[in-house]
Amino acid sequence: MPAVQETVDQVRRIDVDQYKYGFETIIESDKAPKGLNEDTVRFISEKKNEPAWMLEWRLEAFRRWLTMREPTWARVDYPKIDYQDYYYYSAPKKKPALNSLDEVDPEILRTYEKLGIPLREQEMLAGVVRPEGERRVAVDAVFDSVSVATTFQAELKKSGVIFMPISEALREHPDLVKKYIGSVVPVTDNFFATLNSAVFSDGSFVYVPPGVRCPMELSTYFRINEKDTGQFERTLIIADKGSYVSYLEGCTAPMRDEHQLHAAVVELVALEDAEIKYSTVQNWYPGDAEGKGGIFNFVTKRGDCREKNSKISWTQVETGSAITWKYPSCILRGDNSRGEFYSIAISNGRQQVDSGTKMIHLGKNTTSRIISKGIAAGKSQNTYRGLVSAHRKASNARNFTNCDSLLVGDKCGAHTVPYLEAKNSSAVFEHEATTSKISEDMLFYCRQRGLSAEEATALVVNGFVKDVLQQLPMEFAVEAQKLISISLEGSVG
Amino acid sequence: MNAEVRQIRTVAEQGLLDSYLASKAKLPGAGDVMALREAAFKVFEQQGLPHRRIEEWKYTDLRAVMRDSKPLALPPDAKAKSRAKDAGQWLAAVGARRIVFVDGVFAPDLSDLSALEKGLTIGSLADALAKADPHVLKILGRASPAKDDPAVTLNTAFMGDGAVIRVADSAVIDKPLHLAFVTSGDKAVSIFARSLVMIGKGAKATLIESHEGPAGIEYQVNHALELSVGDEAQFDHIKIAHEGDKAIHVGTLIADIGAKARIGDFTFTTGGAVVRNQIFMRLGGQETNANISGASLLRARQHADNTLVIDHAVPHCTSRETFKSVVDDEARSVFQGKIIVRPDAQKTDGKMATHALLLSEGAEADAKPELEIFADDVVCGHGATAGALDEDLLFYLKARGIPPKEAEALLIQAFIGAAVETIANEALREALMSEAERWLAARG
Amino acid sequence: MSLLQIKNLHVEIDGKKILNGLDLTIEKGTVHAIMGPNGSGKSTLAYVLAGKADYEVTEGDVLLDGRSILDMAPDERAAKGLFLAFQYPVEIPGVATMTFLRTAVNAQRKKRGEGEYSTPDFLKKVREAAAKLEIDPDMLKRSVNVGFSGGEKKRAEILQMTMFEPRLAVLDETDSGLDIDALKVVSEGVNRLRSPERAFLVITHYQRLLDHIVPDVVHVMSRGRIVKTGGKELALELEARGYAQYAEAAE
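These protein sequences, in sequence, are chains A, B and C.
Mapping the first sequence onto this note's numbering, position 116 (from 1) lands on 116, and the numbers just tick up by one.
Mapping the second sequence onto this note's numbering, position 95 (from 1) lands on 95, and the numbers just tick up by one.
Mapping the third sequence onto this note's numbering, position 248 (from 1) lands on 248, and the numbers just tick up by one.
No more than 16 Å apart at the CA atoms, straight line, and that leaves these computed lysine to aspartate or glutamate pairs for EDC-like: (1) B:K347 - A:E440; (2) B:K347 - A:D410; (3) B:K351 - A:E432; (4) A:K411 - B:D377; (5) C:K110 - A:E454; (6) A:K364 - B:E361; (7) A:K393 - B:E330; (8) A:K411 - B:D344; (9) C:K111 - A:E454.
Computed spacing ranges between beta-carbons, pair by pair: (10) A:E46 - C:K110: 56 to 62 Å; (11) C:G39 - B:L411: 44 to 50 Å; (12) A:S439 - C:V214: 35 to 41 Å; (13) A:P186 - B:E38: 44 to 50 Å; (14) A:S439 - B:E361: 44 to 50 Å.
Facing chain A, from chain B, some residues (calculated, C-beta under 10 Å): (15) L358; (16) A363; (17) E364; (18) D376; (19) V378.
No lab work stands behind these hints, which were simulated from the structure alone.
For every residue, glycine included, the Cβ atom is placed at its ideal position computed from N, Cα and C.
Chain A with its partners taken away, still in its complex shape:
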């Protein structure tokens, strides 16, 4: 069999059926009744002991949502979602407050352990001494809709960094939350974001005070566990003047035959001279090879470079979900601000990805950079959709976009839909895109050097995505690289 044919066959058999995060954890949980109405919204708000204004905010969103229609412009095709057929709140039953990891349900901890999530505070608590100088990661673990454990809180507190579940922040720092929530993604922004505004149950909240460089990586792991559960987390990160924070996000879900719904909102605010680096490794269950099951992932992520010299950088490695609808964006409002988007999107089986970014240049001398690498295999459809716009007053706006697609096999599709809107003559936009397949010559060369077909494919693909991998923090880069190899690993007979 010719080398390439073999590779194609292997990749066709890819690993969607071997999703290694597809286990389910049996724990008792506390759920809102199925379906969505004002009572559901009230139930969630009450469960969270939220202030009255928050309930009002949610209700307003809910009423607005009722008048909205699901967007249809993306190149994704899925059966109609019955929004009344989901649970909008599911929380592990637990004691009212957690003071340490000891109080977390051991089943949940075991889940995170299986996922390889560095809840290293466990070790800290157990007195394990970590080597000097090792980079540490503070973790907020969100199980279904609820944050179950946030590590390193005490140490972060010392430097003034607030890192806690948003439900807790609403009680402890209501003014901060009130000031910023919905200020980047307004309640009325879009169908999914508005839905999230009504029913979000938890997520992470980060505030980095002026001049503080966050002493460690902050991380949230999201896990959807319960059946028929929608997960609607809301993340809000504020980097005050001159501060820096790097935030990582990981996602997994069990294998289920039914589709699960995920509609998150992430808002980032960078004030003067501040920098936020946001990295995602998204590995929600993609469904099986025939497209049964899998997560519907409709996510609104937006960063606001609100003041001058601020910077927001998105890096994403997307390998999971049946449907991905996601455009992490930057509003470059402050003069001299900078936005970046680095993305690897791998689709396989029957996955459908419609993802990209928006770079909205409003301030003077703003710059943005987009590097997108799409890899389509199996019968998947992989679309990059991106907008770069420079408004009237955005003099000297600069954008560079590079957007490459790789096709593995002849049953998949790779699409590129960029929008460039220059409304300012001093703007300079450069955009380049290519689509190609893995070169047979490259594979043969690697195989002559002793690599198997699948090793050769993985090597070439890793080379293809290297520019993006380099943007990830070290721990994530290794994990991402493995994930890429796994998703391209065949069941070689």
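With chain A's structure known, arrange chains B and C on it following the hints.
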């Protein structure tokens, strides 16, 4: 939820509906032609004019732009013809065979129909429709890869006259054909013209299509050209949108190309208030090579949109798309290009580039170069840039003693020239470059 | 047992016959050169030995250590000690040369049931070998062959060969695109690897490479067959008299 409710009709939409009902009996053709019109009209009735929520019309919102619809132009009288007699003459140096359409109507008396080359026939669409010419009816609106396009739909409902040109198999027509469309009058009218061009197997021809009209008059032109090109044919098409400064022009090329053909297509836009040039090209035979380019020079509040869909339906075809626009004052250029590679179209080689030069603070350029790829063994790419003139180059020229305006003009000419270069016919290249120079001179 | 035996090899590509009954036997410790005009099938032979797809063997066999390799995948052949230095080495963007070398060496060792190299040992070995080939250590960090000059590519091929320690190395037009200094460096690299356990098949159009890598046996190839075999002096004769006389011999 009220989104299902039909939007209220705009004045222009209502005007078109009224105009159709009032005039359909007078439009050429009965039977099958009328059925075609009625079907198209029904679609228009449901959809209305295209607007910004229709993805393909995102940047050219015809519903907003067309404040009203103009009455259908009357057949030209002697006065109109006399005003139109110089139509397209600025291209005289090209030495083309001029075929004139006044207010959308074929004017044989103004056209050069003498000594037609062997294998070339030229006729009027209105005649063909009236006579129910079976050859014309067989192809009209049938091969269209643009069936759902609202501009074409409207054209089908209203089409009056236009050219029917046939080049027989293996015929080589050296003298370019020039379809000169001119709006003659001093009244705001609307014109719907439709042309059919069939290039036979192994034939060779060049077709120029120019559109012009009076300044200061808000006339509306909708022209659609259906083109079929046989295997191994060589065909060049140059469209020049040179309309008056208040005109709305929507022109569509619908092309179906055979195997081993060579296609050159160029769209040159300098005139019109709102211009939409559409190309829907299907490469339906293997080993065909298509080179599709264009240049726009825009000023004041002009809006020019080049939208193309190149459909690689079969393997082993090559296409190159290069579009350039120069945008001054508060003008706006739009480019939307889509390369589709169908599942079996392996070994497709498609490359698209669009570049916009923004000359003033208020100028705007929007680009959407799209790839839609369903085959794996392909090499496709696109590039897009937007920006001002290169300061370093300007400085270099100024340092050599060239005054700023001239330096700018030189760079703009070079920018446009790189696109115009792709036109095979030398005289035509020169004519267009002279036109660009005139445009630059008028910049002041 | 001979290291390599090619018996009556017939090969087609897209239905076109390229090799027409080629016979060749190579013993351990020897250097064979194949010379021939363009289009005689030299590069095809190299690719068929390495197992490139699209080449159809219609008749004959290729034995390495007495076992047919025609059913083996390219990587299995590589693990058995067959190395091909490409005439046109392929560029692999984003994959650092050092990473590539380590991945490939370990993949081969794994297939042979040998343990992986420890990283420091491996780095040291690569750096030493690179220094001898006058390869800038920075080049090892760059993507495989990307942006390398012609000479750098060929030296990188020899570096790979050095690391893999193959039993049979096929050098396909390794001299093409090299200036005289680079030719020397590359030839010395090859000569250092000559050993009683290893054999070389040097494919070249010109005799000048054979001044530096002196062969034990020289074959003339024409129209897909070996038409003459002799000692190293045969190469000189070819240089002087050209290939024309052998065209008829192949008829």
